[in-house]
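> Chains A and B are the protein sequences, given in the same order. Position one of the first sequence corresponds to residue 1 (this note's numbering), numbered consecutively onward. Position one of the second sequence corresponds to residue 414 (this note's numbering), numbered consecutively onward.
Quick caveat, the hints were computed from the structure, so don't treat them as lab data. Treat the hints loosely; a few may be bogus.
What the hints assert, rightly or not - Covered by chain B, per the in silico footprint, the following chain A stretches (three or more residues, Cβ under 8 Å): (1) 14-23; (2) 109-119.
To be verified - A few chain B residues that face chain A, going by a derived Cβ cut-off under 7 Å, partial list only: (3) G697; (4) G698; (5) T720; (6) Q725.
Beta carbons: idealized from backbone N, C-alpha and C, even for Gly.
What follows is the residue order along each chain.
2 protein chains.
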Amino acid sequence: MPKNAEIIAIGSELLTAQRVDTNSLTVTEHLNLLGVEVVRKQVIGDDHERLTEAIRCAVGRSDIVILIGGLGPTEDDVTREAAAAALGRKLVLSLEQESVLISRFRQINRPMAKNNIRQAYLIEEAEAMPNPFGTAPGQFLSTDRGALVLLPGPPRELKPMVENELVPRLRPVLPPYVIRVRTFRITGIGESDLDTLIAPVYTKFANPVTTILSSPGDLLVHLRAQANSIAEADALLREAGNPIAELLGDRIYSEDPDEGLEMVVGRLLRKQRATVATAESCTGGLLAGRLTDHGGSSDFFIAGYVTYTNKQKTEILGVPRDLIEKHSAVSEPVAVAMAEGARQRANSTYALSVTGYAGPDGGTDFNPVGTVYLAIAGPAGTRCVRTRFGVDRYRVRALATQSALDLLRKTLA
Amino acid sequence: MPKNAEIIAIGSELLTAQRVDTNSLTVTEHLNLLGVEVVRKQVIGDDHERLTEAIRCAVGRSDIVILIGGLGPTEDDVTREAAAAALGRKLVLSLEQESVLISRFRQINRPMAKNNIRQAYLIEEAEAMPNPFGTAPGQFLSTDRGALVLLPGPPRELKPMVENELVPRLRPVLPPYVIRVRTFRITGIGESDLDTLIAPVYTKFANPVTTILSSPGDLLVHLRAQANSIAEADALLREAGNPIAELLGDRIYSEDPDEGLEMVVGRLLRKQRATVATAESCTGGLLAGRLTDHGGSSDFFIAGYVTYTNKQKTEILGVPRDLIEKHSAVSEPVAVAMAEGARQRANSTYALSVTGYAGPDGGTDFNPVGTVYLAIAGPAGTRCVRTRFGVDRYRVRALATQSALDLLRKTLA
Chain A
1 MPKNAEIIAI GSELLTAQRV DTNSLTVTEH LNLLGVEVVR KQVIGDDHER LTEAIRCAVG
61 RSDIVILIGG LGPTEDDVTR EAAAAALGRK LVLSLEQESV LISRFRQINR PMAKNNIRQA
121 YLIEEAEAMP NPFGTAPGQF LSTDRGALVL LPGPPRELKP MVENELVPRL RPVLPPYVIR
181 VRTFRITGIG ESDLDTLIAP VYTKFANPVT TILSSPGDLL VHLRAQANSI AEADALLREA
241 GNPIAELLGD RIYSEDPDEG LEMVVGRLLR KQRATVATAE SCTGGLLAGR LTDHGGSSDF
301 FIAGYVTYTN KQKTEILGVP RDLIEKHSAV SEPVAVAMAE GARQRANSTY ALSVTGYAGP
361 DGGTDFNPVG TVYLAIAGPA GTRCVRTRFG VDRYRVRALA TQSALDLLRK TLA
Chain B
414 MPKNAEIIAI GSELLTAQRV DTNSLTVTEH LNLLGVEVVR KQVIGDDHER LTEAIRCAVG
474 RSDIVILIGG LGPTEDDVTR EAAAAALGRK LVLSLEQESV LISRFRQINR PMAKNNIRQA
534 YLIEEAEAMP NPFGTAPGQF LSTDRGALVL LPGPPRELKP MVENELVPRL RPVLPPYVIR
594 VRTFRITGIG ESDLDTLIAP VYTKFANPVT TILSSPGDLL VHLRAQANSI AEADALLREA
654 GNPIAELLGD RIYSEDPDEG LEMVVGRLLR KQRATVATAE SCTGGLLAGR LTDHGGSSDF
714 FIAGYVTYTN KQKTEILGVP RDLIEKHSAV SEPVAVAMAE GARQRANSTY ALSVTGYAGP
774 DGGTDFNPVG TVYLAIAGPA GTRCVRTRFG VDRYRVRALA TQSALDLLRK TLA
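Pulled out of the complex, with its shape left as it was, chain A reads as follows (with noise of 0.2 Å):
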């Protein structure tokens, strides 16, 4: 019989019209990994008497509960109350906590206020989950039933956590049964014409089923098998997975659902031991800060130049002014210029350009809002493409930073 589990989460804020928990999302994803169906999500304000009776149902229903956010160091942070009140349980000052966190918050440099000290109480009998990335560890307390466990709220604290604490926890508690995924990243495609292409294959089969997640120039197709063993459930994903594959070429980047498109390029320059450097108009940085996202980027990356008026774009990267006058600083000619100029300047293998119409003003009737031009300068020579990615600024920037570095990709292949 496979376990169910049950999500609350926690706090004021997500009760507001503007906020959506998407903490459960990842618990969820992770769990269904694990075999666990999620029968139940709430969200409850920042209030114990609330949240302790929430607390108490859901821990006698169901096998798995999780408690997302209230961690905090603060008087509303109510969750270790609540969860202690409801098990009828006290929490316990943990020595070795309170160690922990003297000494993140020397290695910080900065004195550790008095209220702290709350998170280093736990829930008798419940074991520390190190939190690498804030100040409150989770909690993770066996059950007769299955478990109950405290999650931080900060995505980027609890994502790890889940991964790398509550998965490896829960594995051993949980009955034998295997999920399996594959996955694609794509760039290059529109969603729908993503399902056009791949519905055909993927509707001949209920097991995998297949999910399109989509953001903006970067897709994810996702396969998930069930089975009994390992190798039944690899057998269902080569069989439904390989035609996909095949359908979609060279769009697919990379089949690591955590290697961004940023990383892919990467490690491509790396491995041919090349550098790079950009030149940027309407991305404004945003195509050098993605290219400088990981550590280790000092290894391929050499400068980035941000050309936002023509008088920098001539002086820095050494555009001609009579070519920005007679085709605009929004051309194929300047872009392939910014390019070249960029390659020259930082001495780099290869060089990118952006320039366009972000928007919502500027463009004209041949270049609309959200037309841009990218280049690429390599030893090869210069190559310049014109796109257009509707009238959204945030969106236009992204899908512009996107598709310079598939164009580096490319290149790299």
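Given the coordinates of chain A, assemble chain B onto it according to the supplied hints.
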């Protein structure tokens, strides 16, 4: 006494890792405007028994209970049956709703499937709320403490029904009541220090309720007052908010919840007809990216130089090579020279520089990972600050960017 509310969203798809309930945000927004506080939200799958129990509990403890979804024609749409069972009432075929259904199907020229008749059943004594965009009517049932409401799940059916049918039915059963909000956006202080500072004030007030929301380098203090009139609520917000504002001083960068720090900086630059350039190392373009986040940033942003190598710092920004050799690239003299070099290069009013160890590798005994030097060069000279931001690369980069923006804000203020 203000009424409270509880929302239950129904649908197994809302318990997957891919979907969140957003209908409850629409409902919350309108309930808040009526002075009703949402104290709990739940998601339950298409499970008759579980849903019946949840509705029974909700009706017992909350004034207004809103059920969303599960009103379709198929067998797995169980909301009507579960609500009736929870209240111990019958479902009754409404002849009026039956004829509405029949004429609707005639209108769209489609045969009415047999199970569609289920949508014409109402809970005893419930009033149907017309649904011009779908086949499922809503249902409104007055209860001793308030109301039980059934709404359809598709957002394009739910939204107009809430506005046109639910709000007018709820208003007469609610006490006249107002909720008003005041927010402070804050940077330059940690969450627990902030709490230690202002808790002595806000704990004196049960109304307004004070909440602190935090993201890296960015805090939001949220005061929410309830009263019988706008004037009364605003007086409460002044009484509690003014001493908090005084304690926080210039750490408050905005009282507009939607105005980010980069927007404040942009506003101040524009007002003073000043311009800015950036020289970045460890933040890799993120500072330029923030400054160009919003439309019209070409009014004040001239250029960004992401000088990742020492050579680029010398060639682009004119940082003397021996200065880097003597002090290293992560040092006060280099940060100062970067800012001054960028200001000169861009011919801008101000320039910001960032140099530091974002991690995970790098750092020295004196300047361990997380150490960042920020400098600002302007008409009144150059200032440099040294800070330390922990060891997580994402966090170091986000906090360094935020701190640089704040340095500019304080200079402009």
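> Look at each hint and say if it fits the structure.
Against the structure, the hints come out as follows:
| no. | hint | verdict |
| --- | --- | --- |
| 1 | 14-23 | holds (count 8) |
| 2 | 109-119 | holds (count 6) |
| 3 | G697 | holds, 3 Å |
| 4 | G698 | holds, 3 Å |
| 5 | T720 | holds, 6 Å |
| 6 | Q725 | holds, 4 Å |
Consistency with the previously given hints is maintained throughout, with no hint failing.
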